[in-house]
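Number of protein chains: 2
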Amino acid sequence: MIERLAILGVGLIGGSVALALKRAGQVRHVVGYGRSRANLDEALALGVIDEIADRPESAVDGADRVLLAVPVGAMAATFAGIADHLAADVLITDAGSTKQNVIAAARAGLGARIARFVPAHPIAGAERSGASAARADLYDGRNVILTPLPENALDDTAAIAGLWQVCGAQVAEMAAAEHDSIFAAVSHLPHLAAFALVDELASRPQAGLFFRHAGSGFRDFTRIAGSSPEMWRDIALANRPALTAELDAYIARLSAYRDALAAGDAGTLMQSFTRASLARSRWQPGDTLEEDE
Amino acid sequence: MIERLAILGVGLIGGSVALALKRAGQVRHVVGYGRSRANLDEALALGVIDEIADRPESAVDGADRVLLAVPVGAMAATFAGIADHLAADVLITDAGSTKQNVIAAARAGLGARIARFVPAHPIAGAERSGASAARADLYDGRNVILTPLPENALDDTAAIAGLWQVCGAQVAEMAAAEHDSIFAAVSHLPHLAAFALVDELASRPQAGLFFRHAGSGFRDFTRIAGSSPEMWRDIALANRPALTAELDAYIARLSAYRDALAAGDAGTLMQSFTRASLARSRWQPGDTLEEDE
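So the protein lines, in turn, are chains Z and L.
So the first sequence is numbered by the numbering used here: it starts at 1 and just counts up by one.
So the second sequence is numbered by the numbering used here: it starts at 1001 and just counts up by one.
Do not take every clue at face value.
To be verified - Facing chain Z, from chain L, some residues (calculated, C-beta under 10 Å):
#1 S1058
#2 I1123
#3 H1179
#4 P1190
#5 D1220
#6 L1254
I should point out that these hints are in silico values taken from the structure, not numbers from a laboratory.
None of these values were measured; they are calculated from a predicted model.
Built from N, CA and C at the ideal position, the CB exists for glycine as well.
Could you put together the complete structure from these sequences and hints?
Below, the structure is given as structure tokens:
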């Protein structure tokens, strides 16, 4: 049983953790802090949180569990702000989509208390955002990836794994570098590729004509280009080394297509298209995560 | 009323034209030719066609309308093969996804008879292929783009427009170059971009790990990478100049992202992501074509 849970960032992600823990009867009191007072008022009115904190440091005061569910670009300031106000036995987790960057921010902010932080990435999301979008079942059957630190005690990692499992999630562990490299490839790169295509076409004088003739292939390919620009700017910058490497590899492959096309090299195109088509057809999206952020 | 319709390539696209014209009572006799005898036998058994031709030239013998629904890579040989066997009053149309290339093939094959050919691109498709997938309602409410030639008589263009309208389609006209440049941008480039991403990830040692963690963003972004490699090889080569230019523009934009990311230039990323997100959110896919090929 969690006595006092501090949630920093009471949006869809943070609010849904509160509701899921309440659903399971595993939390006694939830204190929320966030930038928008209106959102916090709504969270309180909806029973997502039980108390509004005016500042991050008062939210974590006396808390035995702390969840950082702020944008990854705001993690560093948040860790630094709470460091001197944490209880001795506190355990901290987060919900950031990138991990090496968040861990670096935690090391800088928490200093010697770094062992209290067990990093996590819940693979869940939804179209809507804010506390009013929070749902007790958001994490049911979803994956949460923990990237434990060398400093974490096994019991503490297990306790944070348990917190996410109580929320309904399946928990997996991997190294932070591996996490960032996987999500750079399967999530961050596709988002940038979709943003790039839509901005490229939207910037042209004939943009209206293009969009008028775009069909279902374009629709699906570009769906993620409708995502939050702020969130993806933060994620891109937070995962810079891995994402830069992915962009380089992708640009190289598109350049190879370009050269094959210019040379009329049907064989190279056919080989690559065939490998891609087979791999995509064999992949069963139903076996995988519902959302990637 | 069409007396004798010759369909060269009795697949989903060609077969559905036959069924749609029969549904409207606007065709008396349909002769089909194709590479696969089994597919032709099935088309005959299903009533898609009324007669099987052994060769393209016997299919068009005495036909007042001819539809070329073969892959764009097979258009040149088909035009050349039928040229000397066409009736004087025949009108020919096609269903190719690229137009300048098909028109060049028609000019080379038909010579002085080029005026009898009114190029068309029906924007329709489905998951399944072959004559057994043909449906009388495939073109209902779909767009068909005509790219008439300077040599076409207005009456002949109107007659081919009428043929597609009887199939249930909405007919629009534009120049072939404009058609190819629009579809290079909104359809052909996204297909190559999806093939490139999937092949890039599938080629790596950690491919299994990537696919295991890929979510709904990846699923939608890469859906079109499951398309037919042969068809897209043909389309890419057939639309080489326009598609090469699109690949260049896309690579340049991704390279700008890469440089902004490496430089930590949050502003450039934010501006582009914001323009893309707004453009994508304003676009109403429901207003557009159901399928792009």
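**Numbers of the earlier hints that this structure fails to satisfy, in rising order** = 1
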